[in-house]
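Chains U and B, in that order, are what the protein sequence lines are. To convert, note that position 83 of the first sequence is 83 in our numbering; the numbers rise steadily by one, no gaps. Convert by adding 1000 to the 1-based position in the second sequence; the result is the number in our numbering.
These are calculated hints, taken from the structure and not from any lab test. There may be inaccurate statements among the hints.
As the list claims (entries may be wrong) - Label pairs and their in silico Cβ distance ranges:
(1) U:81 / B:1176: 25 to 31 Å
(2) U:119 / B:1150: 47 to 53 Å
(3) U:120 / B:1057: 52 to 58 Å
(4) B:1098 / U:21: 32 to 38 Å
To be verified - Stretch-level coverage of chain B by chain U, calculated; a stretch enters the list once three of its residues show a Cβ under 8 Å from a Cβ in chain U:
(5) 1003-1013
(6) 1016-1024
(7) 1106-1116
(8) 1169-1179
Backbone N, C-alpha and C fix where the C-beta goes; we use that ideal spot for every residue, glycine too.
Here is how the chains run, residue by residue.
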Amino acid sequence: MVEGDPVLRIRSFLIICIVLATLLSLTTQTIISASQPTDEPQSRFGTALDLVHRAEAAGATHEETAGLVILLNKALQLGDEATRLPSSEAQRAVLLAQVDDILGKVETEATRLEVTASQRTSTNRVVAYVSGGVAAFLATLAYACTGYVWRRYRVKRTFQMRISPK
Amino acid sequence: MYSQSRRYLLVVFLTFLVIFEMVAYVTTTPRPREQFFQLYVLGANRLLSDYYPNNDPNIGVGDLVRWHVGVTDFMGSVQLVVIRIKLGNQTIRPPDDLQAQPSPAPLVTEFRRFIQDNETWEMPFSWQIVNADMLGGSTRILEMQINNETYVVPGLSALDGHNFRVILELWTWEPQSGTLQFGWSSGNERRVAWLQVWFNMTSTVRQ
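Modelling step: build the complete structure from the supplied sequences, incorporating the hints.
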């Protein structure tokens, strides 16, 4: 009988203890991480900046990222205005919502830019390497033609030689 | 003879191929370069002079001081830069270049901005002491106005009002840690940029 077996009962008890301990530790971790003071607006700017950096690393140009920088500065300005209005909660909420909206746009645009810039960079790289191959072929062809023409010229000059007595 | 000629052309082709592919590699690979910022303070006329009204470093309460503060980004990417304005006296520690530690001087305010690579952000920086008092031979700055915003300075004093200083520190967003950090990372090194301008407050202070 299972119910009467002391070994099985101890094992079940241990399993329940382990499950409870795991659940407890997970819950505690969640509570701790939720209660930690987070610099939410600052980290949101950081996330947006990371995405802009990725777009730049993928090959986005100065002109392409200029628009994103204007938006980021606009968000910074609105954020600063929001911090100067601690008494007016409603106005503050409106400004922070605008900041959130702008940062969302920046993130979306930076992600799109990363994809297009990455594709363009890959294409440019492939074109550059293929051009290298084509240029090598054309250079070899030019070398062979020049050699052929030069040889013909030498043969012609040889047959045009005259022996003149001194 | 014919096959020898073909083999010779193949060698020529491979030589050209190596040369042109090397050129393609060099042109498509971005070259590494030194990453740094430039921080500067100019006087009222955007020159390295005229830092004080009438060129007198003795500032009185209500004397407006006009500077231009600028940062140039040479990091190769968009950066979030923060200029922290601190007020110090003679005894307070300046920022530590070797340990990349900021000054413990009280923070008055900060200015933040995203700037692109090779872009310079320059802003007018007008400031004045709007409230100060004198206690037992020691001058204490209480309030400071920067760009028409008034800031309370947490009790900073100097003997006879000598050797106060405005400290400007450059902080940047560090993507690895996700925080603002004094200076910036260049490879494995930590670099900092900061400036300080000294002034005295020996007149027009309330007793």
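To see whether the hints hold, each was checked on the structure:
1. U:81 / B:1176: 25 to 31 Å: holds (30 Å)
2. U:119 / B:1150: 47 to 53 Å: holds (52 Å)
3. U:120 / B:1057: 52 to 58 Å: At roughly 54 Å between Cβ atoms, residue 1057 of chain B and residue 120 of chain U fall inside 52 to 58 Å, so the hint holds.
4. B:1098 / U:21: 32 to 38 Å: violated (48 Å)
5. 1003-1013: holds (count 3)
6. 1016-1024: The restraint on the segment 1016-1024 of chain B holds, since 7 of its residues have a Cβ under 8 Å from chain U and three suffice.
7. 1106-1116: holds (count 5)
8. 1169-1179: holds (count 4)
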